Amino acid sequence: MSIEIIKDKCIGCGRCFKVCPGTLISLGSDGKAEIKRPERCWGCTSCLKECPVQAIEMFLGEDIGGLGGRLTVCREQHLLHWKVRLPDGKETTITVDSRNSNKY
Amino acid sequence: MNLEIKRIETDFLIIGGGAAGCYAALTFCRESDENVLIIEKADIVRSGCLAAGVNAINAYIAPGRTAQDYVDYAKADADGIVRGDLLLTMSERLNKTVKEIEKLGLTILKDKKGDYVTRGNRNIKINGENIKPIIARAVLEEPRVTVLNRVNAFEYIIDGNRIAGVYAFGVDHNVLYVISAKAVLCATGGAAGLYKPNHPSFSAHKMWYPPFNTGAGYAMGILAGAEMTTFEMRFIALRCKDTIAPTGTIAQGVGAKQINALGEVYEHKYGLTTSQRLHGTVVENLEGRGPCYLKTVGISKQQDEDLQKAYLNMAPSQTLRWIESGKTPSVENVEIEGTEPYIVGGHTASGYWVSTDRETTIKGLFAAGDVAGGCPQKYVSGAFAEGEIAAKASLKYIYDRRIEIDEGDIDKRKKQLEGFLNRTDSAYTVDQLECSMQDIMDKYAGGISMHYRYSDKSLKTANEKIIELEEKAKTLSARDMQELVYVFELLERLTVCKSVIAHLAARKETRWNSFAEHTDYPTKSNEWVKYINSRLENGEIRIIYRSIVEEGNIYEH
Ligand SMILES: Cc1cc2nc3c(=O)[nH]c(=O)nc-3n(C[C@H](O)[C@H](O)[C@H](O)COP(=O)(O)OP(=O)(O)OC[C@H]3O[C@@H](n4cnc5c(N)ncnc54)[C@H](O)[C@@H]3O)c2cc1C
Ligand code: SF4
Ligand code: SF4
Numbered sequence: 000m001s002i003e004i005i006k007d008k009c010i011g012c013g014r015c016f017k018v019c020p021g022t023l024i025s026l027g028s029d030g031k032a033e034i035k036r037p038e039r040c041w042g043c044t045s046c047l048k049e050c051p052v053q054a055i056e057m058f059l060g061e062d063i064g065g066l067g068g069r070l071t072v073c074r075e076q077h078l079l080h081w082k083v084r085l086p087d088g089k090e091t092t093i094t095v096d097s098r099n100s101n102k103y
Numbered sequence: 000m001n002l003e004i005k006r007i008e009t010d011f012l013i014i015g016g017g018a019a020g021c022y023a024a025l026t027f028c029r030e031s032d033e034n035v036l037i038i039e040k041a042d043i044v045r046s047g048c049l050a051a052g053v054n055a056i057n058a059y060i061a062p063g064r065t066a067q068d069y070v071d072y073a074k075a076d077a078d079g080i081v082r083g084d085l086l087l088t089m090s091e092r093l094n095k096t097v098k099e100i101e102k103l104g105l106t107i108l109k110d111k112k113g114d115y116v117t118r119g120n121r122n123i124k125i126n127g128e129n130i131k132p133i134i135a136r137a138v139l140e141e142p143r144v145t146v147l148n149r150v151n152a153f154e155y156i157i158d159g160n161r162i163a164g165v166y167a168f169g170v171d172h173n174v175l176y177v178i179s180a181k182a183v184l185c186a187t188g189g190a191a192g193l194y195k196p197n198h199p200s201f202s203a204h205k206m207w208y209p210p211f212n213t214g215a216g217y218a219m220g221i222l223a224g225a226e227m228t229t230f231e232m233r234f235i236a237l238r239c240k241d242t243i244a245p246t247g248t249i250a251q252g253v254g255a256k257q258i259n260a261l262g263e264v265y266e267h268k269y270g271l272t273t274s275q276r277l278h279g280t281v282v283e284n285l286e287g288r289g290p291c292y293l294k295t296v297g298i299s300k301q302q303d304e305d306l307q308k309a310y311l312n313m314a315p316s317q318t319l320r321w322i323e324s325g326k327t328p329s330v331e332n333v334e335i336e337g338t339e340p341y342i343v344g345g346h347t348a349s350g351y352w353v354s355t356d357r358e359t360t361i362k363g364l365f366a367a368g369d370v371a372g373g374c375p376q377k378y379v380s381g382a383f384a385e386g387e388i389a390a391k392a393s394l395k396y397i398y399d400r401r402i403e404i405d406e407g408d409i410d411k412r413k414k415q416l417e418g419f420l421n422r423t424d425s426a427y428t429v430d431q432l433e434c435s436m437q438d439i440m441d442k443y444a445g446g447i448s449m450h451y452r453y454s455d456k457s458l459k460t461a462n463e464k465i466i467e468l469e470e471k472a473k474t475l476s477a478r479d480m481q482e483l484v485y486v487f488e489l490l491e492r493l494t495v496c497k498s499v500i501a502h503l504a505a506r507k508e509t510r511w512n513s514f515a516e517h518t519d520y521p522t523k524s525n526e527w528v529k530y531i532n533s534r535l536e537n538g539e540i541r542i543i544y545r546s547i548v549e550e551g552n553i554y555e556h
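Taken in order, these protein sequences are the chains called A and B. Everything in the first sequence is counted per numbering that gives the first Met the number 0, starting at 0 for the first residue and increasing by one. Everything in the second sequence is counted per numbering that gives the first Met the number 0, starting at 0 for the first residue and increasing by one.
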């Protein structure tokens, strides 16, 4: 379980540093976000939700049966658009509206 | 490296800006004109248990039910070892705290009449993805609350038996904080990472409880001589395999039963308390009928989709798993497993021994939420309720005279921290010692690999080995402040481990299978219907037995 910061996309805004409950993300010497200890990530997705350019992707480690899928999320006011991209390029998007409760 | 010293004075200090800490700050502002300071090792916007979101309000009194019903339920689940006074005072406040959070912006499912839709007798359905930012925003809007993010508390300042403040240090800046306060609330949550986790390598932190809640509050209390209770009632979660996502949403949401590999429903064979559900799964596996599952095959397409959405609001890794494997819950049953044991007073009853007012045995020091003992099944609304009780009770100290802090003591703490920061020749790393600690706890103090069982002999070994590790940990080095946090997290965990071991050894019965399963004493006995408490005296853990406190009574130290 961890995240990867896609350096080409990152604009160095620092929003992800602030929210990580484990203070795992910091500013690298290249002015972009970096996670020094990816194995310390809890997988809470707080940083993904903050990133304005979807530069952070979450994946499941192979040790917990990960298959290479990548999760990103894009916030649009009340909506969270969650996207899973599979290794073959296929994408699935699920949108959750924070004004609607869980059914369960 | 040289640390700068910063002195801060406040009236009410809250250590840990999670569920209990944030709610306490809001309550305090309503009740008093004095100032509040929250110190938080991360950032209150998303710190603690609530970072990813929650799926439901698990502690709520549904229409037609009473606070006493909730007390009875929690008491039965813990087989009697609870504080009735704490449970009742919490239960009476649950619904009110939920209303408050709704006012702040939490989405709660309602029926056509505008009433909350309940899930059973004790649950309501919400969209809890943003519960933490919602409450954090309210705290940040209060002009009398100051929040110091990225500040890690590590030791109480005590004068006689009265709290005077806390020592803390910057997580990303070279500062030793000396914080003086008239009353202090400890709300640092429980302790994860004591035992070897389900997946000890790359995904080691894919655990249920936040790996960043490392038991700081317990350790600070233990070392300051506070009385602690029921550390032997460990919490072990039954979770979706690998992702360690909650199972309740599936079990209660679509009515999925626990089945073994033969397809047999086994839950009724063992009983339905939290520990029995887990224990049943352990036994089914041991007797060759595992792996075990939640039977979801056959649910409707709509249910399948709703579950995928619901998990995005609290455990997105489970939805990722379903989508990337193509094996969504309607296609494949969800495999379940037990986690490693945690110490968490919001689920079981471990933590500070407190008065009905949530005051610890140290005067002026209060505890609320997962760090406070005696009051299991609190969950998020119970943490709010305890935050409220503690904040109100703290008022009686707010007009006290401020206690002077000894300069020599400050200098000692500075030297202690700089010792770790300036050492370069350590033979070990934090990671090595952490793995070693988790391995010891796993093998000798009832971890996953031992099916959660232990004996007097194995506990004795565990204790000896943890003490050896403690000596090694004193020689660690830290290259920067973040690494210093890691050193202190390890030290805290080692302190908590010793107390857990002492408590497991002291309860000479097996009341809760898996949670505390002593192979030398495999059955339960009426003689043990009492609390096991402990206090550090001259470096030794002294066990104290106390008799059960019923609801309706007020308990004072
Ligand atoms: C994964 C998960 C899912 C859950 N789902 C639900 C649910 O659906 N429904 C429900 O009702 N309950 C749920 N709970 C339970 C609920 O979230 C907790 O009971 C509640 O958040 C506990 O509140 P707390 O304030 O004690 O701890 P937390 O909210 O964790 O707060 C503790 C705070 O202290 C800080 N801290 C720790 N150490 C230090 C230190 N040394 N110095 C400074 N700060 C420090 C932490 O960073 C954190 O912010 C869930 C818990 C978990 C872990
Ligand atoms: S997923 Fe959570 S724990 Fe992991 S880096 Fe992002 S914010 Fe931190
Ligand atoms: S939030 Fe996104 S863009 Fe901003 S620093 Fe983090 S990764 Fe880079």
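Source of the hints: derived by calculation from the structure; they are not laboratory data. Quick caveat: nothing in here was measured; it's all calculated off a predicted structure. It is possible that part of the hints are untrue.
Taking lysine to aspartate or glutamate pairs in the EDC-like style, the calculated list, with each CA pair at most 20 Å apart, reads [said to hold, decoys possible]:
#: 1; chain 1: B; residue 1: K459; chain 2: B; residue 2: E508
#: 2; chain 1: A; residue 1: K17; chain 2: B; residue 2: E406
#: 3; chain 1: B; residue 1: K308; chain 2: A; residue 2: E75
#: 4; chain 1: A; residue 1: K82; chain 2: B; residue 2: E304
#: 5; chain 1: B; residue 1: K195; chain 2: A; residue 2: D62
#: 6; chain 1: A; residue 1: K17; chain 2: B; residue 2: D42
#: 7; chain 1: A; residue 1: K35; chain 2: B; residue 2: D303
#: 8; chain 1: B; residue 1: K195; chain 2: A; residue 2: E90
#: 9; chain 1: B; residue 1: K109; chain 2: A; residue 2: D96
#: 10; chain 1: A; residue 1: K102; chain 2: B; residue 2: E101
#: 11; chain 1: B; residue 1: K507; chain 2: B; residue 2: D42
#: 12; chain 1: B; residue 1: K523; chain 2: B; residue 2: D455
#: 13; chain 1: B; residue 1: K308; chain 2: A; residue 2: D96
#: 14; chain 1: B; residue 1: K395; chain 2: B; residue 2: E555
#: 15; chain 1: B; residue 1: K529; chain 2: B; residue 2: E508
#: 16; chain 1: A; residue 1: K35; chain 2: B; residue 2: D171
#: 17; chain 1: A; residue 1: K17; chain 2: B; residue 2: E140
#: 18; chain 1: A; residue 1: K102; chain 2: B; residue 2: E304
#: 19; chain 1: B; residue 1: K102; chain 2: A; residue 2: D96
#: 20; chain 1: B; residue 1: K308; chain 2: A; residue 2: E56
#: 21; chain 1: A; residue 1: K17; chain 2: B; residue 2: D479
#: 22; chain 1: A; residue 1: K82; chain 2: B; residue 2: D303
#: 23; chain 1: B; residue 1: K98; chain 2: B; residue 2: D110
#: 24; chain 1: A; residue 1: K89; chain 2: B; residue 2: D430
#: 25; chain 1: B; residue 1: K240; chain 2: A; residue 2: E38
#: 26; chain 1: B; residue 1: K308; chain 2: A; residue 2: D29
#: 27; chain 1: A; residue 1: K31; chain 2: B; residue 2: D171
#: 28; chain 1: A; residue 1: K35; chain 2: B; residue 2: E417
#: 29; chain 1: B; residue 1: K442; chain 2: B; residue 2: D424
#: 30; chain 1: A; residue 1: K102; chain 2: B; residue 2: D42
#: 31; chain 1: B; residue 1: K473; chain 2: B; residue 2: E417
#: 32; chain 1: A; residue 1: K17; chain 2: B; residue 2: E482
#: 33; chain 1: B; residue 1: K240; chain 2: A; residue 2: D7
#: 34; chain 1: B; residue 1: K326; chain 2: A; residue 2: D96
#: 35; chain 1: B; residue 1: K362; chain 2: B; residue 2: E403
#: 36; chain 1: A; residue 1: K31; chain 2: A; residue 2: D62
#: 37; chain 1: A; residue 1: K35; chain 2: B; residue 2: E433
### Query
Any of the earlier hints contradicted here, and which numbers?
Checked against the structure, the hints that fail are numbers 2, 7, 8, 11, 24, 26, 28, 29, 30, 33, 34, 36, while the rest are satisfied.
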